[in-house]
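Start from the sequences and build out the full structure, keeping to the hints where you can.
There are 2 protein chains.
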Amino acid sequence: MAASRDALRTFKKTDFPVSNIRRFLEPGPIVLVSSAWKGERNIMSMGWHMVMEFSPSLIGCFITSANHSFDMIRRSKECVINIPTVDLAAKVVGIGNSSGRDVDKFAKFRLTAERASKVGAPLIRECYANFECKLVDSSLINKYGLFVLEVVKAHAATSPKYPKTIHYRGDGVFMISGENTSRFRRRFKPENL
Amino acid sequence: MAASRDALRTFKKTDFPVSNIRRFLEPGPIVLVSSAWKGERNIMSMGWHMVMEFSPSLIGCFITSANHSFDMIRRSKECVINIPTVDLAAKVVGIGNSSGRDVDKFAKFRLTAERASKVGAPLIRECYANFECKLVDSSLINKYGLFVLEVVKAHAATSPKYPKTIHYRGDGVFMISGENTSRFRRRFKPENL
Numbered sequence: 145m146a147a148s149r150d151a152l153r154t155f156k157k158t159d160f161p162v163s164n165i166r167r168f169l170e171p172g173p174i175v176l177v178s179s180a181w182k183g184e185r186n187i188m189s190m191g192w193h194m195v196m197e198f199s200p201s202l203i204g205c206f207i208t209s210a211n212h213s214f215d216m217i218r219r220s221k222e223c224v225i226n227i228p229t230v231d232l233a234a235k236v237v238g239i240g241n242s243s244g245r246d247v248d249k250f251a252k253f254r255l256t257a258e259r260a261s262k263v264g265a266p267l268i269r270e271c272y273a274n275f276e277c278k279l280v281d282s283s284l285i286n287k288y289g290l291f292v293l294e295v296v297k298a299h300a301a302t303s304p305k306y307p308k309t310i311h312y313r314g315d316g317v318f319m320i321s322g323e324n325t326s327r328f329r330r331r332f333k334p335e336n337l
Numbered sequence: 145m146a147a148s149r150d151a152l153r154t155f156k157k158t159d160f161p162v163s164n165i166r167r168f169l170e171p172g173p174i175v176l177v178s179s180a181w182k183g184e185r186n187i188m189s190m191g192w193h194m195v196m197e198f199s200p201s202l203i204g205c206f207i208t209s210a211n212h213s214f215d216m217i218r219r220s221k222e223c224v225i226n227i228p229t230v231d232l233a234a235k236v237v238g239i240g241n242s243s244g245r246d247v248d249k250f251a252k253f254r255l256t257a258e259r260a261s262k263v264g265a266p267l268i269r270e271c272y273a274n275f276e277c278k279l280v281d282s283s284l285i286n287k288y289g290l291f292v293l294e295v296v297k298a299h300a301a302t303s304p305k306y307p308k309t310i311h312y313r314g315d316g317v318f319m320i321s322g323e324n325t326s327r328f329r330r331r332f333k334p335e336n337l
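If you read the protein sequences in the order shown, they are chains D and Z. The opening residue of the first sequence carries number 145 in this note's numbering; numbering runs sequentially from there. The opening residue of the second sequence carries number 145 in this note's numbering; numbering runs sequentially from there.
To be clear, the hints were calculated from the coordinates, so they are not data collected in a lab. Note that this is a predicted model, so its numbers are computed, not measured. One should not assume that every hint holds.
In this list, chains with the same sequence are indistinguishable; a pair is considered to hold if it fits within one copy or across any two.
Capping the alpha-carbon separation at 35 Å, the derived lysine-lysine pairs in DSBU-like fashion look like this [claimed, not checked]:
{"hint": "1", "residue 1": "K182", "residue 2": "K287"}
{"hint": "2", "residue 1": "K287", "residue 2": "K156"}
{"hint": "3", "residue 1": "K333", "residue 2": "K221"}
{"hint": "4", "residue 1": "K287", "residue 2": "K221"}
{"hint": "5", "residue 1": "K333", "residue 2": "K278"}
{"hint": "6", "residue 1": "K262", "residue 2": "K287"}
{"hint": "7", "residue 1": "K305", "residue 2": "K287"}
{"hint": "8", "residue 1": "K182", "residue 2": "K333"}
{"hint": "9", "residue 1": "K308", "residue 2": "K221"}
{"hint": "10", "residue 1": "K333", "residue 2": "K305"}
{"hint": "11", "residue 1": "K308", "residue 2": "K297"}
Right, dumping it as structure tokens:
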């Protein structure tokens with residue numbers, strides 16, 4: 145019973161163009177950030193992030209120094225942004241509630257660490273997409289907790305086309321992503337697609 | 145017929161705590177940014193933004209210098225972040241397709257400019273929520289197009305509790321916000337709500 149509750153969907157993934165990761169990030173999902181440093185690995189839940197540039201593929205994200213991941217990412221200068229789907233919601237909350245100081249979250253939440261190709265931080269296999277990132281600007285960390293990351297390699301599931309993601313509102317409330325529509329597509333100027 | 149197509153819902157709004165605007169912004173909706181400068185007013189559509197702090201209530205957002213709003217916000221040091229609901233989707237696309245250099249977008253898209261209380265930029269009445277913002281850090285505009293804004297006053301509709309928002313994926317595709325759920329709430333540690 146416990147085993148079947150833990151039987152998560154496995155995604156078949158392929159390389160995804162780094163300049164187009166907005167497809168999954170711009171709609172604003174909670175993400176899981178994985179990191180590694182000196183033989184240790186960790187995961188944090190993160191909701192404060194934004195796309196900053198297509199090429200190079202830049203992401204800005206806020207990480208408080210209270211997080212165990214803060215120093216791991218700052219020192220290793222690498223991390224992976226993983227996109228969890230709604231079936232991982234309980235794990236996302238659990239990951240946000242616990243600290244990597246106390247537990248190995250991969251083990252505790254039965255998530256699979258996979259080797260990334262361009263960074264030392266692990267990918268989370270059970271997530272829909274994984275963006276391997278290098279910390280390219282650390283000058284805003286002290287003032288704003290703002291990490292400027294470059295996505296150097298991206299992996300995304302081939303099906304479904306769009307993941308069902310969870311979006312945090314605070315106060316224990318999630319919005320779950322709904323319908324995807326291109327019915328407004330003909331209204332866009334081609335150069336604005 | 146045209147009149148009835150243009151008959152948009154009017155929201156009854158009340159003051160909303162600025163430290164809690166994440167409720168509407170963190171899930172990642174497309175927003176409309178209104179500004180005013182030297183007797184001119186403008187609106188732009190924006191998808192690249194993030195919450196950066198609760199108190200002061202900080203938002204980071206990316207605006208390219210190609211936008212007519214770029215200089216208006218940089219010079220006036222003010223703007224309003226407005227949250228449109230899905231019934232405004234066609235207008236949001238039209239606003240993104242046109243430039244304030246050529247048209248008054250309030251007139252063209254039949255949106256109502258309302259006086260804000262703490263900034264000179266107008267609120268958009270037809271939007272679900274309006275966040276009056278001051279530009280508090282312009283030092284990252286040249287390097288990253290990053291405007292750091294402080295929300296100094298917020299207005300939000302009292303009903304529905306959560307707006308049905310549109311979230312852009314690029315390529316002419318919107319994700320429309322789905323179900324809101326607090327079924328994971330009991331899993332959160334109280335201090336993490």
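Status of each hint after checking the structure:
no.	hint	in the structure
1	K182 <-> K287	both (26 Å within a copy, 33 Å between copies)
2	K287 <-> K156	neither (40 Å within a copy, 38 Å between copies)
3	K333 <-> K221	between (39 Å within a copy, 30 Å between copies)
4	K287 <-> K221	both (18 Å within a copy, 20 Å between copies)
5	K333 <-> K278	both (33 Å within a copy, 31 Å between copies)
6	K262 <-> K287	both (29 Å within a copy, 26 Å between copies)
7	K305 <-> K287	between (38 Å within a copy, 34 Å between copies)
8	K182 <-> K333	between (49 Å within a copy, 29 Å between copies)
9	K308 <-> K221	within (30 Å within a copy, 38 Å between copies)
10	K333 <-> K305	both (23 Å within a copy, 34 Å between copies)
11	K308 <-> K297	both (22 Å within a copy, 33 Å between copies)
Consistency note: the structure conflicts with earlier hint 2 alone.
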